[in-house]
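> The primary structure of each chain is shown beneath.
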Amino acid sequence: DAKTTQPTSMDCAEGRAANLPCNHSTISGNEYVYWYRQIHSQGPQYIIHGLKNNETNEMASLIITEDRKSSTLILPHATLRDTAVYYCIVRLTQGGSEKLVFGKGTKLTVNP
Amino acid sequence: NAGVMQNPRHLVRRRGQEARLRCSPMKGHSHVYWYRQLPEEGLKFMVYLQKENIIDESGMPKERFSAEFPKEGPSILRIQQVVRGDSAAYFCASSRVHGTNEKLFFGSGTQLSVL
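Chains as they are written, first to last, in our numbering: chain R, 1 to 112; chain C, 1 to 115.
For the record, the hints were derived by calculation from the structure and aren't laboratory data. Among the clues, some could well be false.
[To be verified] Stretches of chain C that chain R covers, calculated by requiring three or more beta carbons in the stretch to come under 8 Å of a beta carbon on chain R: (1) 39 to 53; (2) 68 to 81.
[As the list claims (entries may be wrong)] To list a few chain C residues with every Cβ distance to chain R over 10 Å, as calculated: (3) L11; (4) K62; (5) R64; (6) R96.
Note that the structure is a prediction, hence the values are computed from the model and not measured. From the three backbone atoms N, C-alpha and C, an ideal C-beta is built for every residue, glycine too.
Model the full assembly from the supplied sequences, consistent with the hints where possible.
Written out as structure tokens, the structure is:
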């Protein structure tokens, strides 16, 4: 089962920052937080991941709280093409398997 | 550097037939994961393989489904005697090495339709 909680849906105006929250209150010290997105029926696309420090790349920024119980994905200037389902995933190790377990995600709609 | 390649993109089978889905991981990647996405649902993990080994098959249905990742060639997800409930999008992902700090890259998927 997924270890994260995300809002079901969010809206954002084009050109504004999109801030997508995620709760992962049961996260363990060595578990990474990953963000993926799925546009329509395409394959999931990697966005960013982190352990405890904030991370930034060309797509987004990831802000992880100091207690690591929650995080926020920030798309600094959302475009219409950012409309997608965004998945926050805590990646854990179970018996040597390190699969990603997807939850329901947040459906982000970017409006013109 | 080509991404994860899945084929066919679309596969139509009649009930009772076999479906074979192929996944070629990214160059240099030796870990493969298969996921299934039913219509209007999220992605469900099926199986995790390394070359010639099944590491985690906890998400595989007990019957009719099998997966392999041979030393040479693509990973194959095989579904025998397909039923309408098998209609779904099947995604493959690959990673370079073992580890929770290692990104998974996904293919574009195979859409299986069972008539």
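> Now tell me if each hint is right for this structure.
Against the structure, the hints:
1. 39 to 53: holds (count 5)
2. 68 to 81: violated (count 0)
3. L11: Holds, because the least Cβ-Cβ distance between L11(C) and chain R comes to about 15 Å, which exceeds 10 Å.
4. K62: holds, 18 Å
5. R64: holds, 21 Å
6. R96: holds, 13 Å
Hint violations for this structure: number 2 only, all remaining hints satisfied.
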